[in-house]
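> Each chain, written out:
Number of protein chains: 2
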Amino acid sequence: MQTYKLKNNVYILEGFTMVGPLEGKGPLKDYFDYVIQDDTLKEKTFEKAERKLLYDLIINAVDKAGLKLCDIDFFVGGDLLNQIVSSSYTARELNIPFIGLYSACANMTESLAISSIFVDNKVANNIVAATCTHFSSAERQYRFPLELGNQRPPTAQWTITGGGASIVSNIPSKIRIDSVTFGKVIDYGISDVNNMGAAMAPAACDTIKTHLENTKHKISDYDIILTGDLGKLGSEILIDLMEHENIILGQNYSDCGCMIYDKTEKVFMGGSGAGCSASVLNSYVLYKMKKGDFKRVLMVSTGALMSTTTSQQGDTIPGIAHAIELVYEANCDNFPNNKIIKAKNSKLKNSKTKAKNNKSKI
Amino acid sequence: MQTYKLKNNVYILEGFTMVGPLEGKGPLKDYFDYVIQDDTLKEKTFEKAERKLLYDLIINAVDKAGLKLCDIDFFVGGDLLNQIVSSSYTARELNIPFIGLYSACANMTESLAISSIFVDNKVANNIVAATCTHFSSAERQYRFPLELGNQRPPTAQWTITGGGASIVSNIPSKIRIDSVTFGKVIDYGISDVNNMGAAMAPAACDTIKTHLENTKHKISDYDIILTGDLGKLGSEILIDLMEHENIILGQNYSDCGCMIYDKTEKVFMGGSGAGCSASVLNSYVLYKMKKGDFKRVLMVSTGALMSTTTSQQGDTIPGIAHAIELVYEANCDNFPNNKIIKAKNSKLKNSKTKAKNNKSKI
Numbered sequence: 001m002q003t004y005k006l007k008n009n010v011y012i013l014e015g016f017t018m019v020g021p022l023e024g025k026g027p028l029k030d031y032f033d034y035v036i037q038d039d040t041l042k043e044k045t046f047e048k049a050e051r052k053l054l055y056d057l058i059i060n061a062v063d064k065a066g067l068k069l070c071d072i073d074f075f076v077g078g079d080l081l082n083q084i085v086s087s088s089y090t091a092r093e094l095n096i097p098f099i100g101l102y103s104a105c106a107n108m109t110e111s112l113a114i115s116s117i118f119v120d121n122k123v124a125n126n127i128v129a130a131t132c133t134h135f136s137s138a139e140r141q142y143r144f145p146l147e148l149g150n151q152r153p154p155t156a157q158w159t160i161t162g163g164g165a166s167i168v169s170n171i172p173s174k175i176r177i178d179s180v181t182f183g184k185v186i187d188y189g190i191s192d193v194n195n196m197g198a199a200m201a202p203a204a205c206d207t208i209k210t211h212l213e214n215t216k217h218k219i220s221d222y223d224i225i226l227t228g229d230l231g232k233l234g235s236e237i238l239i240d241l242m243e244h245e246n247i248i249l250g251q252n253y254s255d256c257g258c259m260i261y262d263k264t265e266k267v268f269m270g271g272s273g274a275g276c277s278a279s280v281l282n283s284y285v286l287y288k289m290k291k292g293d294f295k296r297v298l299m300v301s302t303g304a305l306m307s308t309t310t311s312q313q314g315d316t317i318p319g320i321a322h323a324i325e326l327v328y329e330a331n332c333d334n335f336p337n338n339k340i341i342k343a344k345n346s347k348l349k350n351s352k353t354k355a356k357n358n359k360s361k362i
Numbered sequence: 001m002q003t004y005k006l007k008n009n010v011y012i013l014e015g016f017t018m019v020g021p022l023e024g025k026g027p028l029k030d031y032f033d034y035v036i037q038d039d040t041l042k043e044k045t046f047e048k049a050e051r052k053l054l055y056d057l058i059i060n061a062v063d064k065a066g067l068k069l070c071d072i073d074f075f076v077g078g079d080l081l082n083q084i085v086s087s088s089y090t091a092r093e094l095n096i097p098f099i100g101l102y103s104a105c106a107n108m109t110e111s112l113a114i115s116s117i118f119v120d121n122k123v124a125n126n127i128v129a130a131t132c133t134h135f136s137s138a139e140r141q142y143r144f145p146l147e148l149g150n151q152r153p154p155t156a157q158w159t160i161t162g163g164g165a166s167i168v169s170n171i172p173s174k175i176r177i178d179s180v181t182f183g184k185v186i187d188y189g190i191s192d193v194n195n196m197g198a199a200m201a202p203a204a205c206d207t208i209k210t211h212l213e214n215t216k217h218k219i220s221d222y223d224i225i226l227t228g229d230l231g232k233l234g235s236e237i238l239i240d241l242m243e244h245e246n247i248i249l250g251q252n253y254s255d256c257g258c259m260i261y262d263k264t265e266k267v268f269m270g271g272s273g274a275g276c277s278a279s280v281l282n283s284y285v286l287y288k289m290k291k292g293d294f295k296r297v298l299m300v301s302t303g304a305l306m307s308t309t310t311s312q313q314g315d316t317i318p319g320i321a322h323a324i325e326l327v328y329e330a331n332c333d334n335f336p337n338n339k340i341i342k343a344k345n346s347k348l349k350n351s352k353t354k355a356k357n358n359k360s361k362i
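Protein chains in written order, with our numbering: chain A, 1 to 362; chain B, 1 to 362.
No wet-lab data here; the hints were simulated from the structure. One should not assume that every hint holds.
Because identical chains cannot be distinguished in the list, a pair is counted as satisfied if it fits within a single copy or across any two copies.
In silico DSS-like links for lysine-lysine, alpha-carbon gap of 25 Å or less [what the hints assert, rightly or not]: (1) 122 - 209; (2) 174 - 68; (3) 122 - 5; (4) 7 - 29; (5) 7 - 122; (6) 266 - 216; (7) 232 - 263; (8) 42 - 290; (9) 5 - 174; (10) 218 - 288; (11) 288 - 263.
Using the sequences provided together with the hints, build the complete structure.
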């Protein structure tokens, strides 16, 4: 029962994304709802900036979906900071029940998987699932203070500043959540914290293989299969590992970490962080699904589960990957009681940030 | 929908507990399955000892329930260490899907609440929900290295070494999970990390009040109402706060943090840590329910959601409390397909610890 096939119709009603200045210059810049120009968000610390980012993501996702906070039954989410403080302190401001999770950069799909099971079984009607990361708070917690100016090895990745919030709901939309697979923790013995892609690739392989077996789907059934943040090297390792399982990831495979930056940006193997798959899913993927360009999507966020303490104590890095399968509902507008949500201009609500509004093409 | 009333019969099939030497001398010593005499568990670091404790808890809970690891669909849990590494590294050894959570010392009831919803809706048949803490790993992560010999203020609590694992199942037992309430994050402005009870009491008050309203139950309907680890001061604050809501917590109210140590132990306001409510629930409470002494129990684990970073940056401490309601099923043995589980002697399975076996009265 590692894979759960939803019995009822559960949808991603809307998604909202915000990213930092660097991500806002990348190939997906036109898909994000909002690009922050000042990554401090006028806060005194990067940790408080990250918290503000998450709050703004949630408030705006709820608004974009045509709902109010009082319509939301639960906030389900987590983040990379110790004791998931960005999520907990955001939940403090929301006055809705909070279900805190942790699976590192796999948080987005873990949150969506739990949320969709809750909505499928009428535990809730509307849930906000959200996560984000901030480059500067992650750097100083996991690696070194930025002020030290440490060099990075070529296998390193770049924690994105940004994130996404999804409204999981029983209100129909064009994006239905079809099934979810919770991953196992897998460790192939990588101990280099600057090579996270390699540490997470085996977990991604295991989850994708399991999901395909349990749903009896083939790679070619999907318009796109996306991993969270394996980066360039990790993706190549995943392709190799899958080949050993006689599964050929073709042109329809991509990785959010490889998509979010372009080659002129000095980000080594690409983007990482819980916000990486969260922002790509809730912008590019949902946009393509709403248009009908993607009809079936397998989204597999990937997480590296070490801490600085385990690394210092010589432990290797376990990985995890949780998968959700999304299906395009062409006839959504014909559903009874359908509440048609009009895409709004990306005007940021409730935020004191005076950053330039991103003139999104969406 | 903050409270979910389970539609089907979902049970705590078994629970298993292990505690450290200090807890093993306390008033509940005869209820614990196993008392560790050497709190390093023969590991090189306290963090690795904590991880071993959690692994042993899970393996032995599964065994005590008469199941095998392959019968378990998910491990749902978290712990207090940064990036919940005790849980993640334990999950690595189990080869079952892992759902990582974080709500600090409210982890036990958060895990049980999610697990029971999964079993209720046939997402899973058997889930192990588990958490634990280790005094020495918590001290050096949250406060000071033990070697410094810092003094503690009188409002401080003592993170317990120990924990518990529950098997949540559709196989009948005498302990049925009736309903669950997920809490909101509440912050009354306490910033003293040596006064966690005060920081968590408002969240406990809110969750108990909400649970009573939603289930239409009265305080007197319960044989015992237990909070997680408010400690002596926090419990008194909770009693006051509830009085302001016109709810009188009577003789049937207690707090796991107050129960686990006796007055001769220098633990100030009492026990704390995710393992506190986990070990009291899975030993004393389950034992009393199996005997029929407790027929209806409200278990409310409580968590303080700060991190050392938020404290350093001047933030106050938000609290959360999740509740589960347990009901005694007198006629359990008459259920069809009932698998009668015989309580085993507390012989530790798969552990290399050569600690003295606790001659439990259970």
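> Are the hints correct? Go through all of them and say.
Okay, the hints, checked on the actual structure:
1. 122 - 209: between (29 Å within a copy, 23 Å between copies)
2. 174 - 68: within (21 Å within a copy, 42 Å between copies)
3. 122 - 5: both (15 Å within a copy, 11 Å between copies)
4. 7 - 29: Answer is neither: 36 Å inside a copy and 46 Å across each miss the 25 Å cutoff.
5. 7 - 122: both (11 Å within a copy, 11 Å between copies)
6. 266 - 216: neither (40 Å within a copy, 59 Å between copies)
7. 232 - 263: within (11 Å within a copy, 59 Å between copies)
8. 42 - 290: neither (34 Å within a copy, 56 Å between copies)
9. 5 - 174: Within one copy only: 18 Å inside, 31 Å across.
10. 218 - 288: within (21 Å within a copy, 52 Å between copies)
11. 288 - 263: within (23 Å within a copy, 64 Å between copies)
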